[in-house]
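Make the full structure from the sequences, and use the hints.
Those protein sequence lines, which keep their order, are chains A and B. Yeah, the first sequence ends on 194 if you go by numbering that gives the first Met the number 0, and it's all consecutive. Yeah, the second sequence ends on 198 if you go by numbering that gives the first Met the number 0, and it's all consecutive.
It is worth saying that the hints were derived from the structure and are not from the lab. One thing to keep in mind: the hints can contain errors.
In silico DSBU-like links for lysine-lysine, alpha-carbon gap of 30 Å or less [what the hints assert, rightly or not]:
hint : chain 1 : residue 1 : chain 2 : residue 2
1    : B       : Lys3      : B       : Lys158
2    : B       : Lys119    : B       : Lys59
3    : B       : Lys194    : A       : Lys166
4    : B       : Lys3      : B       : Lys59
5    : B       : Lys158    : B       : Lys94
6    : B       : Lys169    : B       : Lys94
7    : B       : Lys3      : B       : Lys194
8    : A       : Lys189    : B       : Lys94
9    : A       : Lys189    : B       : Lys169
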Amino acid sequence: MDSTSLFGILIASLLINNILLIRFIALCSFFGVSNQMETSIGMGLAVIFVMMMASAVSWLIYYFLLVPFDLVYLRTASFILTIAGLVQLEEMYLKKYVPRLYRAMGIYLPLITTNCAVLAVAFLNIDYNYNFRQSLVYTFGVSAGYTLAIILFAGIRERMALAPVPKALQGYPIAFFTASLMSLAFLGFKGLFGL
Amino acid sequence: MSLKNDFLSGLIKENPVLVLMIGLCPTLAVSSTAVNGFGMGIAASFVLICSNLVIAMVRKYTPDQIRIPIFIIIISTFVTITDYVMQAYYPALYKQLGVFVPLIVVNCIILGRAEAFAYKNRVWSSTLDGFGMGLGFTLVITVIGAIREIIGNGTIFGKAIFSQGFQPAKIMILPPGGFITIGVLMAFLHYFQNKVNPR
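Here's what the structure looks like:
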């Protein structure tokens, strides 16, 4: 399997290098909003939506604005401002034209500005030298992987709320142990395709 | 007295990682060895101290509505400086930390301290708060890195400490080991807190 083919990129970003469990990006939201299944689904959908837009726009900005004008050193500042502005814009657009979608994921949109996964993907697209199509596929894989992991984790945590847990382990510690076991399971995908 | 408090609270009582639960991503991702953890801690502390200093300086001229974009621009300036200095002088470390160096800009610790402390306090106490928080972060990330390096690789700061017979548990330097280490640390913290003041 060629690791630069579109399908290879998709599987690698979705499972093998899962952004939450293997690369450790965006953990704050992973532990923060995964208490309930419903909120995790909302957050996952919002991340897919914002991440696709953000990485497309920042790819275009990097190759059509920063590189030609020799301004590459501004990429950190320009990416984060782009993302912050974009999230604001999307929020206003959804509120006006797609109110149902807005109600479903409205409160999660502002939270995403500080979700490091969105910025990380924008950087990784540049670091891996992906072309536009590859970067879109990669972004979709990453955000779908995020959604997959957070929904699975929320399912486990909902069950865990009813389980008798030792006092010192209640709350976050047991959540970390659970995440560790999930991460172990995802390590198993490493053998896939020998990527 | 209160200046001393500003400094000490970040170190233990309000330790950013273990108590406030922020800044988790870099803590887990780059702490596979003690050196990486220490490097990341220093880089983040530098950004934190400088941005706290500057934000406290300009807070009187900052309009309330657009304070977040202003914070972000100030922070990203210092992140870019760190990025380039590291690339020039510590290329090996830079390669290890990878995308996590530019990601300091969205590190919740830094924006959180800007919003919660530097925007409301004087220059001097904000700088000390930056020092305290930075030191607390560096301490935790280095300790986690050291634990993972000792168990997972049998070395500390790159030096072997066990005799030939030691079988390193590889799992500790892989991603699951990071989750386990911080889970255990946090469980110990809860345990002792419960002992000191039982609810």
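Of all the hints given earlier, name the ones this structure violates by number, lowest first.
Number 1 - this is the single hint that the structure violates.
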